[in-house]
Amino acid sequence: MSSEVQPPTEDGAAGPLPAVTPARVLAGICLAVPIVATLWVSSYTKADPELGGMPFFYWYQLLWVPVSALFTVGAYLLIKRDEKARKAARGGDA
Amino acid sequence: MHTGVNVTALTVFLLFFALVTVMGFLAARWRRADDALHLHEWGLGGRSFGTWVTWFLLGGDLYTAYTFVAVPAAIYGTGAAGFFAVPYTIIAYPLVFLFLPRLWSVSRVHGYVTPADFVRGRYGSKALSLVVALTGILATMPYIALQLVGIQAVLDVLGVGGSGNWFMKDLPLFLAFAVLAAYTYSSGLRAPALIAFVKDTLVYVVIIVAVIYIPMRLGGYGHIFDAAAQKFSTVNPATGKPTGSLVLGPSSHWTYATLALGSALALFMYPHSVTGVLASKSRNTVRRNMAIMPAYSLMLGLLALLGFMAIAAGIGKGVQGFNAQLSVPQLFENMFPDWFTGVAFAAIGIGALVPAAIMSIAAANLFTRNIYKEFLKPDATPADETRVAKIASLLVKVGALVFVLAMDKQFAINLQLLGGLWILQTFVTIVGGLFTRWFHRWALLAGWAAGMAYGTWTAYGISSKATKHFGGNTAEIPVIGEIGFIGLTAFVLNLLVAVVLTLVLKAAKAPEGTDETSTGDYTADAGDEAVAKAPQPAAAH
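Chains as they are written, first to last, in the numbering used here: chain Y, 1 to 94; chain U, 1 to 541.
Each hint should be verified, as a subset may be incorrect.
Result set (SDA-like, lysine to any residue): computed pairs, CA atoms no more than 25 Å apart in a straight line [to be verified]:
#1 Y/46 / U/52
#2 Y/84 / U/52
#3 U/231 / U/82
#4 Y/87 / U/411
These aren't lab readings, by the way, just hints derived from the structure by calculation.
Take the sequences, apply the hints, and build the full model.
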């Protein structure tokens with residue numbers, strides 16, 4: 001495999017993966033969602049609905065902590081797969 | 001409520017303190033190094049920490065005793081506005097996920113120990129590297145001093161110190177720091193890494209117990225928030241405005257969001273955060289940690305609610321000039337049985353020792369690599385570097401101690417607020433450099449200077465009840481007209497200056513400086529050829 005010429009991809013370039021891949025874009029979205037959600041302050045500055053006596057403002061933000069972690073796990077898995085694919089593509093070139 | 005010394009609590013506190021002291025000294029033998037005299041060993045624990053050790057280390061490093069005291073104190077004082085620490089820690093990890101793996105890789109390949117090392121290698125600029133190092137040291141010093149404030153709050157409530165002449169008054173604090181300095185000197189980063197296990201376990205236990213047990217005694221969360229709402233609705237006679245609010249008013253949205261974003265951007269510019277990251281053993285260790293660090297953020301969020309519980313429990317009610325910093329320690333003492341108060345105070349006390357150790361190591365690394373070796377003794381051997389760093393770590397701690405004992409505590413708090421603003425001004429240079437060499441080194445220097453000057457000057461003009469200058473970190477954002485975090489405004493100015501001057505300098509063909517890094521260095525991982533050839537001993541076992 002290593003001595004063979006890589007089959008050209010759709011845009012005609014051979015070898016390494018392009019900088020923008022679906023996995024990277026999805027990972028970027030995973031990372032952006034919690035940032036946008038928490039910076040959109042006006043979406044959660046209200047007292048109702050309460051949860052167990054706690055105003056919405058507080059429980060909503062606390063809820064975002066584990067949710068953001070899930071999104072980051074998603075990004076981690078996507079990037080890990082992408083890096084593996086890149087390594088394989090580079091290995092194929094050598 | 002106790003008036004004298006709380007003996008049971010003090011005994012438990014001292015037992016934990018003795019335990020971590022022994023651990024601190026034994027840590028030198030933990031994962032013993034091949035080449036103990038190399039700065040990577042003392043200053044980065046041999047770059048050998050796996051996912052869990054890194055998680056405890058970073059958690060112990062970022063969520064400090066001062067955080068535990070100051071965040072609920074802010075909630076106690078102002079309500080919703082103090083809760084920005086939660087969005088701040090939500091934003092931080094996805095954000096740094098983008099660039100920390102690149103910083104890890106390039107530092108691993110080239111043997112960089114500090115962020116300023118990277119700047120030196122990337123831009124070939126001694127001046128730029130020096131300002132990054134100095135900004136880091138400047139921002140870290142008051143932060144270490146504030147850890148002492150955290151311990152002091154606990155000791156005050158325990159009834160130790162705070163009376164007699166100045167020497168007797170501060171003796172406990174002095175002893176705690178002397179012990180800390182001794183084992184940091186001998187064990188380096190391994191000491192806080194090992195002690196962080198104890199610290200974080202205690203913190204988790206205490207907070208989980210607190211958020212279940214205290215509301216049970218106070219009649220549930222509903223009652224707690226009602227009591228808080230009642231307190232915040234009272235009008236402050238001096239300003240004619242309510243003292244705080246349970247939900248943010250519309251005029252505070254920008255303040256809340258810019259404080260969260262600016263603090264998140266600044267978090268991993270702090271040298272001690274970078275030290276924790278560079279000590280990990282692979283790229284994916286770094287990434288995995290960004291996914292599991294929010295466990296600490298959840299603790300921080302729950303801890304913040306303790307500020308409301310302190311209100312509901314009537315802490316400080318009717319006391320003239322009550323120090324809000326004491327609200328949570330006092331809440332613990334009033335609510336918990338004595339022995340558990342001891343455990344809770346040990347969590348705060350040890351919570352101060354771990355970050356103080358890492359911060360002093362990070363500051364010592366900066367001094368050694370970017371000032372001593374760069375300007376004073378370029379032919380220093382790795383053994384020289386380690387020796388100098390160890391001594392520097394002692395001096396940094398003595399400096400912090402003098403800070404707290406000799407100067408006004410308010411001054412340390414002011415400086416720590418400024419520190420966040422200052423450290424953010426290194427972001428364009430460091431993170432910009434991780435992705436592109438487009439920025440010109442002189443433009444970055446000018447951008448840094450503009451951000452520092454604007455931020456410091458604006459903060460100087462803010463007075464508060466407690467202090468005439470540097471009384472806060474928010475001001476009107478020019479053009480937008482809303483109140484926002486000064487650091488973030490200064491950061492935008494910094495970026496604009498850097499972009500415009502880069503265009504000018506490129507047009508004028510100003511010399512770019514040499515870049516010793518190559519594209520592949522930023523994605524190198526443990527096991528790659530580039531890492532195997534890296535200029536440092538292999539990781540310790």
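Status of the hints after comparison with the structure:
no.	hint	result
1	Y/46 / U/52	38 Å, violated
2	Y/84 / U/52	23 Å, holds
3	U/231 / U/82	15 Å, holds
4	Y/87 / U/411	52 Å, violated
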